[in-house]
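Enquirer: Chain by chain, the residues:
2 protein chains.
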Amino acid sequence: MPAYKAPLRDMRFLLNEVFDYPAHYASIPNGKDADPETVSAILDECAKYCEEVLSPINLSGDVEGCKFENGKVTTPAGFKDAYDQFVAGGWQGLSHPTEYGGQGMPMSMGLFKTEMVGTANWSFAMYPGLSLGAMNTIMQHASEALKNTYMPPLTEGRWSGTMCLTEPHCGTDLGQVKTKAEDNGDGTYSVTGTKIFISAGEHDLAENIVHIVLARLPGAPAGTRGISLFIIPKHLPAADGSVGPFNNVVCSSIEHKMGIKASATCVINFEGAKAWLIAEPNKGLEAMFTFMNTARIGTAIQGICHAELSYQGALRYAKDRRSMRAVSGKKEPDKVADALIHHADVRRMLLTQRAIAEGGRAMIYHCAQFADHMVNGILENDPAKYKKWDDKLGFYTPILKGFLTELGLEAANQGVQVFGGHGYIKEHGMEQIARDARIATIYEGTTGIQALDLLGRKVLIMTRGGAVREFTTLVGKFAVDNMRNPKMRSFATTLAKYAAEWNLLTMRIMLMARKDRDVVSAACNHFLMYSGYVMMAYFWALQASVASEKLAKGGSESEEFYKAKIATARFYFDHLLPRAKGHATSMVKPSKSIMKMPIESFVFE
Amino acid sequence: MPAYKAPLRDMRFLLNEVFDYPAHYASIPNGKDADPETVSAILDECAKYCEEVLSPINLSGDVEGCKFENGKVTTPAGFKDAYDQFVAGGWQGLSHPTEYGGQGMPMSMGLFKTEMVGTANWSFAMYPGLSLGAMNTIMQHASEALKNTYMPPLTEGRWSGTMCLTEPHCGTDLGQVKTKAEDNGDGTYSVTGTKIFISAGEHDLAENIVHIVLARLPGAPAGTRGISLFIIPKHLPAADGSVGPFNNVVCSSIEHKMGIKASATCVINFEGAKAWLIAEPNKGLEAMFTFMNTARIGTAIQGICHAELSYQGALRYAKDRRSMRAVSGKKEPDKVADALIHHADVRRMLLTQRAIAEGGRAMIYHCAQFADHMVNGILENDPAKYKKWDDKLGFYTPILKGFLTELGLEAANQGVQVFGGHGYIKEHGMEQIARDARIATIYEGTTGIQALDLLGRKVLIMTRGGAVREFTTLVGKFAVDNMRNPKMRSFATTLAKYAAEWNLLTMRIMLMARKDRDVVSAACNHFLMYSGYVMMAYFWALQASVASEKLAKGGSESEEFYKAKIATARFYFDHLLPRAKGHATSMVKPSKSIMKMPIESFVFE
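Protein sequence lines, in the order shown, are assigned to chains P and V. Position one of the first sequence corresponds to residue 1 (the UniProt record's numbering), numbered consecutively onward. Position one of the second sequence corresponds to residue 1 (the UniProt record's numbering), numbered consecutively onward.
Calculated from the structure, these hints are not laboratory results. Hints are supplied without guarantee of correctness; some may be wrong.
What the hints assert, rightly or not - Label-pair ranges, simulated between beta-carbon atoms: (1) 225/V to 601/P: 28 to 36 Å; (2) 236/V to 63/P: 37 to 45 Å; (3) 80/P to 236/V: 49 to 57 Å; (4) 16/P to 489/V: 53 to 61 Å; (5) 601/P to 553/V: 14 to 22 Å; (6) 590/V to 331/P: 17 to 25 Å; (7) 501/P to 508/V: 40 to 48 Å.
As the list claims (entries may be wrong) - Each computed DSBU-like pair below joins lysine-lysine, with the alpha-carbon atoms no more than 35 Å apart: (8) 563/P to 592/V; (9) 515/P to 550/V; (10) 515/V to 387/V; (11) 5/P to 331/P.
Unchecked claim - Quick look at which bits of chain P chain V covers, simulated, 3 or more residues with Cβ under 8 Å: (12) 15 to 28; (13) 294 to 301; (14) 320 to 330; (15) 440 to 454.
Quick reminder that beta carbons are idealized off the backbone N, C-alpha and C, glycines included.
Using the sequences and the accompanying hints, generate a full structural model.
Expert: If you want it as structure tokens, here you go:
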């Protein structure tokens, strides 16, 4: 497994030079303490923890995996100790309110932390990651009493949390949930049912596990409108805040998965477990989905995590391993052969990984500011503010989650490819990254669901193309501003063309969809990928323009860094962005090329 | 793991309706016995064996894996029995000469068999597959005495074979081989060295293992011109044809791999093992590479194997699993939700898999006829004939191997995606297909090597664009022939445009490469993928045209089959072929967008 080195220079470039986080933090209520020195110190400290504690147990965690015996899950060697250090460092509550024991930093700091923790060891990151989901749901929807009971130990990390949605017969289609809740008449409920694919559902890291569970009340309407949300602790909380009696929450098995093997994926049986309702009855799905946008950005980060780690591994190998001579002549004549990095096709793979990792990171950092505002809407009890920023984030979310996880998987596979046969064997860890990356396009809403959410909901229904117009206005303005700069002209021209085309395609699909509703589902994957490529192009051009300004000023210590930014942007525009052309062509094809074939023709003969 | 059902209808469509194999077999010397009835009976028998014997041990083989203890490898439960049946059925020698005990069928029959065996169980297919490599090398290059010793037990399958090329420090770059051969002065040699990644290097299936080994003679020139080829049996053959004394060929470990876990990948130490030279001294690499084109087509087949198997699994699941309602309205109103197959985006994934499997199969069947002629050139001792057909095959080989294995991996990943979270866990076998598929773009020459071979060697150096002109002439003729047919016009027009563009792009790259040799390596991956998409388009249009003719005639029992062919062709043209546009744009970008960045800028900060 490649040793992880946190890309702090790149993170600081985005924070301070591209997106001006110091000004952003100064402008938000909970950003006062996030002054540049504090932010910098937190990033350094987090990097150190990730590099020294989490990275070394990434490969061993995969090899050992989680063990299940008599309802208990044992995490791999080193995980408990690493988690204790995580708790001691206060990392779980970094972005949560001080009243519950958190550090009160803005939400974005939590996302930057997630990237480092997740790159060093994604399996580990799943445990605190699921806790965040539970904490956010409780924070927004639970009563004060429940918050006071559960938020402090969850914020500390002494307890951990889960999200229990999926059942054996349904994952995406939660309207089919069958788990039952009965009213005990004392303000509590009894919940019975089986949930599957519960990440961090059972483990040995925390004292108690707090499940957020979707279930049906008696007589609830069928489908999505009859689902309520409950909080169900594995052990009932004692009055003094310690862990009380067992609450009939049983882990009956763990899954054997392709990857993220150190993350326990559990079948959880609720056997008449005592539960508390959060949010209104039958409005559980809405409540569950309020934090969906941030949760999905958390998963989008997984794309860049795997791209970054695989790039780091592939780059070291490409400098070290010697094979053949470069097509343009010997580069290292005194050596038995040239290092892989001298071969253009290997560089193409390395630059693809780099462009995905750094381009994706810029997309995340852009959206993290919206997440800060959105979360502050919740903390300030200002629903209008919450909605405004949640809506804004809502356009980016499916693009980031859908596109970045697909590209993260590609980048991870390129890393295997750079290693050749050695990439396929376990010892270098490159194949593990590809296996770990494979889940990201599936959970937290598959790529297909993201694509439908983007095109169907966010673009067509909610904004009638307005979301695309708003983003492309930003792109258009950038293009105009940069058109006269000879260093930026080619980027600006290309961007302006794509911005116009994106709107045109949106309009064409809107018109097509009026006559043929299948068009939306038939076109959505191409629309998602197209949107991703064009959006990432903007963020690459933006980075190139900042780098170009800095170089023009001269005298920087980071000249090589800035030049590399511009070169990677050039690579992106020449070698990845053109893929958008294929998607542009395909998305406006009639839906019948997908829907015409009768189901009877889908057979093996 | 999806139960495998051999796609016999599709295979017969290609054999009898698209490529006229009956006429082809009637025209070649060793095709006399391959009359339609015999061919049909062989395919049925092979399908039965694959479905009933090999498919059921595919998942269990992955879970159990190979075991290594004290130099011995134990294959998973059922493998030895399946191999015994393989031997008893005469499958190893299906396409090898009757004088050695084979069935004397044309080479192409062996390729069709490989597809079925490999789809049912790719790990199993590796054992007889490597034997074929050894047999072919011996048949073409060894002395009569060696042939008489080794060919009969290898053809029977009582012994198996390997190809020992890779060493710890070199795989692609075989000029770095260090294994040493010393002349014993009695017509034999002593070989010492370590080979890695030796598939089927040690196992419990056969009585003896015959290694074909690259090594250096004393004083041999450095690099690729100083490598010789040896035959080294694990046990020396006794005079009566049985297994004699151990020959100091030691398996010191097996690799822990991402996939194909039931295939033993061995480290083999030759510790002064007795060896016989085959082919001329220092011409080992040339000899090793003579059968390279057929070996690479064998690996290209792996792409369609995984696409087919993953499609079969995903299709069954998509018909069975219910989730949400189709965007265009309820399709199964009496059910709790619509089956996945009613969702356009799921169909897009299924059709992608199908288009890859069936399109790739057509490409293989087209080339298999060239392989027949080429092999007959060897059997007839007619070097000119051999060279003519080997050259012809040489243009297709890198496209088939490079492109089909990349798309096979994509198709396998789509199958995981159709299953959602269930695709990521082991029990359904979908993730195994994705892991098994991952090696195919790496071994037998990585995609990068195929791309360089195609653009650099086959297109630019050997034929100065002639290979592309020859193929596109075929495409152009097809387009002209079909332009007046209203059912085919749209396919024909699109094909004609791509054929013209392909030549134009080739010429542009040729001109660019004159001034900048890095262009070849910078452009080759895009050129390979572009070539693959356009070539597959031709074979889809060809299938559509045959299907369209049959439908026009009317009265066929296979109307649904033909309609599905046309619909899948339409899908391919609308949703996969447009990807070629991105590659067309990128391949003619200046090489500096890849090569400009100094190595010093490839750092983590």
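Enquirer: Starting from the range 28 to 36 Å, see whether the pair residue 225/V and residue 601/P falls in it by beta-carbon distance.
Expert: Given range 28 to 36 Å: violated, Cβ gap about 56 Å.
Enquirer: Closer than 8 Å, Cβ to Cβ, for at least three residues: run that test on the region 294 to 301 of chain P against chain V and report holds or violated.
Expert: violated (count 0)
Enquirer: Is it true that residue 236/V and residue 63/P lie within 37 to 45 Å of each other by Cβ?
Expert: 39 Å, holds
Enquirer: Just to be careful, I want the Cα atoms of residue 563/P and residue 592/V compared with a cutoff of 35 Å; is the pair within it?
Expert: Between residue 563/P and residue 592/V the Cα gap is close to 13 Å, so the pair holds against 35 Å.
Enquirer: Cβ-Cβ distance between residue 80/P and residue 236/V: within 49 to 57 Å?
Expert: 55 Å, holds
Enquirer: Does residue 387/V lie within 35 Å of residue 515/V when you go C-alpha to C-alpha?
Expert: 32 Å, holds
Enquirer: Count the residues of the region 15 to 28 of chain P with a beta-carbon closer than 8 Å to any beta-carbon of chain V: does the count reach three?
Expert: violated (count 0)
Enquirer: Given the hinted pair residue 5/P and residue 331/P, is their alpha-carbon gap at most 35 Å?
Expert: Since the Cα atoms of residue 5/P and residue 331/P sit roughly 28 Å apart, the hinted pair holds (cutoff 35 Å).
Enquirer: Within the assertion that chain V covers the region 320 to 330 of chain P, do at least three residues meet a Cβ-to-Cβ distance smaller than 8 Å?
Expert: holds (count 7)
Enquirer: Do at least three Cβ atoms from the region 440 to 454 of chain P come closer than 8 Å to Cβ atoms of chain V?
Expert: holds (count 8)
Enquirer: Does the Cβ distance between residue 16/P and residue 489/V fall inside 53 to 61 Å?
Expert: Once the Cβ atoms are compared, 59 Å apart, the range 53 to 61 Å for residue 489/V and residue 16/P holds.
Enquirer: Quick check: does the Cβ-Cβ distance between residue 590/V and residue 331/P fall within 17 to 25 Å?
Expert: 19 Å, holds
Checked against the numbered hints given earlier, this structure breaks hints 1, 7, 12, 13; the rest are met.
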